[in-house]
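Visitor: Under mature numbering (1 follows the signal peptide of the UniProt record, and there is no 0), read the sequence shown as residues -19 to -1, 1 to 510, first letter to last.
Derived by calculation from the structure, the hints in this document are not laboratory data. Keep in mind the model is a prediction, meaning the values are calculated, not measured. Please note: incorrect hints may appear among the correct ones.
[What the hints assert, rightly or not] Lysine-lysine pairs mimicking DSSO-like chemistry, simulated, CA-CA at most 27 Å apart:
| # | residue 1 | residue 2 |
| --- | --- | --- |
| 1 | Lys505 | Lys265 |
| 2 | Lys32 | Lys501 |
| 3 | Lys32 | Lys448 |
| 4 | Lys243 | Lys178 |
| 5 | Lys72 | Lys265 |
| 6 | Lys178 | Lys224 |
| 7 | Lys72 | Lys131 |
| 8 | Lys19 | Lys131 |
| 9 | Lys225 | Lys290 |
| 10 | Lys379 | Lys178 |
| 11 | Lys32 | Lys265 |
| 12 | Lys265 | Lys376 |
| 13 | Lys448 | Lys265 |
| 14 | Lys501 | Lys376 |
| 15 | Lys19 | Lys243 |
| 16 | Lys376 | Lys243 |
| 17 | Lys379 | Lys501 |
| 18 | Lys178 | Lys225 |
| 19 | Lys265 | Lys224 |
| 20 | Lys32 | Lys379 |
| 21 | Lys72 | Lys376 |
| 22 | Lys32 | Lys19 |
| 23 | Lys32 | Lys131 |
| 24 | Lys19 | Lys376 |
| 25 | Lys131 | Lys376 |
| 26 | Lys505 | Lys290 |
| 27 | Lys225 | Lys376 |
| 28 | Lys32 | Lys376 |
| 29 | Lys19 | Lys501 |
| 30 | Lys501 | Lys448 |
| 31 | Lys19 | Lys505 |
| 32 | Lys448 | Lys131 |
[As the list claims (entries may be wrong)] The calculated label-pair distances, taken between Cβ atoms and stated as ranges, are:
| # | residue 1 | residue 2 | range |
| --- | --- | --- | --- |
| 33 | Pro273 | Arg445 | 28 to 38 Å |
| 34 | Lys72 | Thr288 | 41 to 51 Å |
| 35 | Pro10 | Thr464 | 22 to 32 Å |
| 36 | Pro414 | Gly317 | 29 to 39 Å |
| 37 | Gly198 | Thr53 | 24 to 34 Å |
| 38 | Asn9 | Thr179 | 22 to 32 Å |
| 39 | Ala393 | Arg445 | 49 to 59 Å |
| 40 | Asp51 | Gly198 | 50 to 60 Å |
Where a beta carbon is used, it is the ideal one built from N, C-alpha and C, also for glycine.
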Amino acid sequence: MKASLILFVTATTLNLTNAQKGSYASLNPADQNELQAKLSKWKTLYGPIAKAHGFLPEGSFQTEQLNVNDHTDDELDRFHNTVLNVQEAAKNNPQATFSEFNQFALLTQDEFKRAVMASFGTHNTTQAKPLVAALDPKSVASNMDWSTHKCNSPVVSQGKCGSCWAFSTIGTVEFAHCVGSGNLLILSQQQLVSCDKTNGGCSGGNTANAIEFMQGGACLASDYPYTSGGDGYTGSCRAGCSKKALTLGDTMHTSGEASLMKVLNTQVTTVSVEAGNAVWQNYKSGVVTQCPGSSSDHAVIAVGYGTSKDGIDYFKIKNSWGSQWGENGYINLQRGRGDRGMCNVAEDISYPEVNDTPVTKRPLTTLPPSPPSGNEMQDQLTDQTNKIRAAHGLKPLKWNTTVASDLQRWAASCPGNQYGGVQGWQNMVSFQPCNGNCRQLVGPAWSFYSRRESLWNYDTNRCRDGKWGTCGFFSNMMSPAVTSFGCGWSQCANGDFVWCNYLTPDDSSVIPRLQGGVTKNELKAILIA
């Protein structure tokens, strides 16, 4: 169960094959122009992500500064086929939505499928004995959702490495340890990838074996950070990090929808799925009710189950393809489709039992309301800032932990509507508190950007009224010279405010216009897509 997809980052030449359904040349001129405009928009919004993760055909804007309006025939054919695949997926799944605006849009179906299959390794998905033959509805809750629980760590991306098995294992073990001990530890995926010799690193692995490996303890991600996602290499095992003892019960392996629901009443669990298809490649939201193919090829985390507003029962799944894929990194698969389940979700279930968990421990409907989750707010600020910058052709910013720590101390003093704290170019705005749903809300980054952008003169590279302070929020956040930023925030009696410092080295930034035909309304929508 290797990180389904990410093997493409080491990919050899990707050539368009007979798998393509149609060609760009077959379209009429009006449709060709529409497709070109869509591809320009895709390159602006998702091109940088696809490039960073290796999901581009050879020759596709591989230079440092990509031209979003210059398309090869191969790119146009590939994008056209993705549009057709999206339409077919939507036709077969009326309860879900799909979009070509994702990081995989320039991969053919065959390429995506081969990457997913190759990353699964030699994992054996023979069904284990079910925990229960049939489920008594009275023995389980009508719905469960652990995605907002304090023990559920943020959605992450496995990058170029085929390490889905490691990411699903880590998330499941983190949760089990947290529920058993009350302490969430962010554990090292890299240690598991590089040091667990029962598995194949970036070439695939087995979640049950990985859970057994972690029974002996694990290093923290902060001590052993993930690097294989950037280069696709397993790497040598580092023996120097100090392992943390984990509160885990026995490693369990089972199968069947009834068993999966029973497990989900206590904790999250790894599951195997069939994801190497256009449905997973282009999923956006809703409930998947038709899954093409047959064999499992990817490892993910089941985090709950429920019923949609249209009455469709589903399992909720946490993926490792980043928060920009699917519903903020999650997908819903129809429930009630037999023992193997939709996309084989109930075929192969592995998890460590939770030690000494009181029966009363149920998922919280929201994260603690105050203060807001640091990871959630940090992720919202980082993701939305970088989406805005990408739409202008600017490089992403890194989170500066030193600046953020200094600003958080300032924020904790409840200064209200005042600037202060760490020195540097500072933005400040009131914000809408978010409790577990930060990425579903348009946040402070848009407040810094929107009104000031409309006052910016791109020809003179200054504010229209000539006053730097009028557009300072915009030029601070959008300076091409800035490389990192940090923020602090607080909810106090005198207001809810966030402060961000960019350490921008100049006040006369040359900022590119919006690229690829993207409008501000479209950019705002993509912030929470």
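Visitor: If a hint holds in the structure, say so; if it does not, say that too.
Guide: Each hint, compared with the structure:
| no. | hint | result |
| --- | --- | --- |
| 1 | Lys505 <-> Lys265 | holds, 17 Å |
| 2 | Lys32 <-> Lys501 | holds, 24 Å |
| 3 | Lys32 <-> Lys448 | violated, 38 Å |
| 4 | Lys243 <-> Lys178 | violated, 32 Å |
| 5 | Lys72 <-> Lys265 | holds, 14 Å |
| 6 | Lys178 <-> Lys224 | holds, 17 Å |
| 7 | Lys72 <-> Lys131 | violated, 37 Å |
| 8 | Lys19 <-> Lys131 | violated, 39 Å |
| 9 | Lys225 <-> Lys290 | violated, 42 Å |
| 10 | Lys379 <-> Lys178 | violated, 33 Å |
| 11 | Lys32 <-> Lys265 | holds, 20 Å |
| 12 | Lys265 <-> Lys376 | holds, 25 Å |
| 13 | Lys448 <-> Lys265 | violated, 42 Å |
| 14 | Lys501 <-> Lys376 | holds, 19 Å |
| 15 | Lys19 <-> Lys243 | violated, 44 Å |
| 16 | Lys376 <-> Lys243 | violated, 46 Å |
| 17 | Lys379 <-> Lys501 | holds, 24 Å |
| 18 | Lys178 <-> Lys225 | holds, 19 Å |
| 19 | Lys265 <-> Lys224 | violated, 38 Å |
| 20 | Lys32 <-> Lys379 | holds, 17 Å |
| 21 | Lys72 <-> Lys376 | violated, 37 Å |
| 22 | Lys32 <-> Lys19 | holds, 18 Å |
| 23 | Lys32 <-> Lys131 | violated, 33 Å |
| 24 | Lys19 <-> Lys376 | holds, 21 Å |
| 25 | Lys131 <-> Lys376 | violated, 32 Å |
| 26 | Lys505 <-> Lys290 | holds, 26 Å |
| 27 | Lys225 <-> Lys376 | violated, 36 Å |
| 28 | Lys32 <-> Lys376 | holds, 12 Å |
| 29 | Lys19 <-> Lys501 | holds, 15 Å |
| 30 | Lys501 <-> Lys448 | holds, 23 Å |
| 31 | Lys19 <-> Lys505 | holds, 17 Å |
| 32 | Lys448 <-> Lys131 | violated, 45 Å |
| 33 | Pro273 <-> Arg445: 28 to 38 Å | violated, 53 Å |
| 34 | Lys72 <-> Thr288: 41 to 51 Å | violated, 23 Å |
| 35 | Pro10 <-> Thr464: 22 to 32 Å | violated, 43 Å |
| 36 | Pro414 <-> Gly317: 29 to 39 Å | holds, 37 Å |
| 37 | Gly198 <-> Thr53: 24 to 34 Å | violated, 50 Å |
| 38 | Asn9 <-> Thr179: 22 to 32 Å | violated, 56 Å |
| 39 | Ala393 <-> Arg445: 49 to 59 Å | violated, 37 Å |
| 40 | Asp51 <-> Gly198: 50 to 60 Å | holds, 52 Å |
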